[in-house]
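*Asks:* Letter 278 of the sequence shown, counting from 1, is numbered 277 in numbering that gives the first Met the number 0, and no numbers are missing.
Check each hint, because a few of them may be wrong.
Distance condition first, Cα-Cα at most 20 angstroms in a straight line; then the derived EDC-like pairs of lysine to aspartate or glutamate [what the hints assert, rightly or not]: (1) Lys287 / Glu241; (2) Lys367 / Asp155; (3) Lys367 / Glu110; (4) Lys288 / Asp363; (5) Lys161 / Asp136; (6) Lys367 / Asp136; (7) Lys161 / Asp150; (8) Lys367 / Asp324; (9) Lys238 / Asp150; (10) Lys161 / Asp190; (11) Lys238 / Asp155; (12) Lys161 / Glu110; (13) Lys161 / Glu143.
No lab work stands behind these hints: they were computed from the structure. As the structure is a prediction and not an experimental result, all values here were calculated from the model.
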Amino acid sequence: MAYFQSLCLQAQVDFACGSPGRAQVQVALGLRLAQGLGMLVAEDSDRAHDEEDILRREVVWTLFMMDRIFIGQNISRPCIPASSFDLFVFERGPLLPERSTGFNSFVTLREIIHHHNNNRTFSLMAVNIHLLSIWEDMMRDVFETRSGRTDTFWHDGSSWSKIQSRLWEYEMLVHPHRYTSVGFPTRVRQDPLTRSYFLTWLFFQVLYSTIQCCLNHPFVLLMKTRLLLPRVPAMFLQKSFEYAMTNSKWVIRLVVELEEAGLSYHDPFLGYLLGIAATIQLEQTVSKKRHVASNARRNFEKARSFIRQLSRQWPNMLNLSNLLDQLTARLRQRQTMDYVDGEYDGAVPPLGVRDVALEQEDIDLMWKIFDYASVSAIPTALRAGEGRESLGSTSSPTPLAQDAELGDMQHWSAGSLDNSDMLRGTEDVYLGASGDLDFGQPYSDEWSLFGKPWSAYFPPDASPSTPTYRPH
């Protein structure tokens, strides 16, 4: 087992230090060896308490999680599918003092996914492993979309519908770990024993919301339908975009709460997830509605600031920061189409639908944001210490246009938030809450992408001959 433990540690270090390809090879090697040694097969419950078996589960599920987190570059799916893991789920994770018992033990991932008994409860580690199996499906869907596959995602039976259904089923499992059950991370100040739990809890909360961001991201939805006739249900687009906005604000709120609790999170994967959420907020920084743009700027700057802080430990995070800077600069230079000023009222825009051209550079930049392995890669010369400064060539972020009321966004911090605003609306996304996630301002705005309203891409009541989206 010492070999597998060393392999897991080395793979994590390699990936975080800018060698994702080597890390992916190491994880694949570890999983194939584990499979060949019979470490993935079903276990005898009579021996479930043996330390050797517990250690085996720890190694296998660590490899399982890394195999899904490290997806990217030329690898669009895990080395071994989740259906091949028949051993018991690893249970030895952090617990809250008041919930140290009562969770179902010695269950397989298959049993968790297909359970139909709402009285069963699972540990935080078990639901994290389950969530990463959903992440696996979501990333496969994103990479298939990138390769050119189109999808009527609103139809029953589509990949979008299947993943969304899995997420709704997942919500039924996590009730012991909701806000209403565990409280705020700030309780760490009074109860330091909860520190490990809330750091793991943060991973599950952020990952869940980021999956929703990816499923409902305007860019991903546009890429799914770019070759279809421009007859996409407008209400679906509007609601999916609002859902993406809600979840992206939730991700950023969680980072604020992390800082409020005095917790430090050093995983670059969190920065990657935050970067995806930030792109949704970035789009609304050019909204014509002043309060929407103001909140979006504040949220975006908070996300970018956190990512740049991570880059002090992991220089490859500067790749992600620079991508956000490039998207910001391009958004400011792009003119917003203005023939739909308010909420969509069902009428065809009076000036008709104009041809929409997307710059290929915009598309390429957005796809890079979704590719964790590519974002994490550092050229060999830089890893050797040559020209390291060029990695962070964007030494200071591209500033957003600022309202007078915002002040200097570069110096905004979590401490400047009014506590009553930040803590208002304590329900979490799992309970269907949508209020107060923008730190005090309710959200109401239209779907938009690259500074253009949704009707530029999906004209209402358009005929097949109507000009619509085309690649540049």
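*Asks:* Does each hint fit the structure? Answer for all of them.
*Replies:* Hints versus structure:
Between Lys287 and Glu241 the alpha-carbon distance is near 17 angstroms, which keeps this suggested pair within the 20 angstroms criterion. Between Lys367 and Asp155 the CA atoms are separated by roughly 29 angstroms; this puts the pair beyond 20 angstroms, and the hint is violated. Among the hinted pairs, Lys367 with Glu110 is inconsistent with the structure: their alpha-carbon atoms are about 35 angstroms apart, more than 20 angstroms. Taken as a hint, the Lys288 and Asp363 pair is broken in the structure, with Cα atoms around 29 angstroms apart against an allowance of 20 angstroms.
About 9 angstroms separates the Cα atoms of Lys161 and Asp136, which keeps this hinted pair within 20 angstroms; it holds. A threshold of 20 angstroms between alpha carbons decides the hint, and for Lys367 with Asp136 the separation of about 19 angstroms falls inside it, so the pair holds. Taking the CA atoms of Lys161 and Asp150, the gap is about 13 angstroms. The hint holds against a cut of 20 angstroms. The suggested pairing of Lys367 with Asp324 holds, with an alpha-carbon distance near 13 angstroms, which does not exceed 20 angstroms.
Distance check on the hinted pair: Lys238 and Asp150 sit about 18 angstroms apart at the alpha-carbon level, within 20 angstroms; holds. Taking the CA atoms of Lys161 and Asp190, the gap is near 40 angstroms; set against the 20 angstroms cutoff, the hint is violated. Among the hinted pairs, Lys238 with Asp155 is consistent with the structure: their alpha-carbon atoms are about 17 angstroms apart, no more than 20 angstroms. Proposed proximity of Lys161 and Glu110 is supported: the alpha carbons are some 18 angstroms apart, at most 20 angstroms.
Pair hint Lys161 plus Glu143 holds up; C-alpha atoms about 15 angstroms apart against a cutoff of 20 angstroms.
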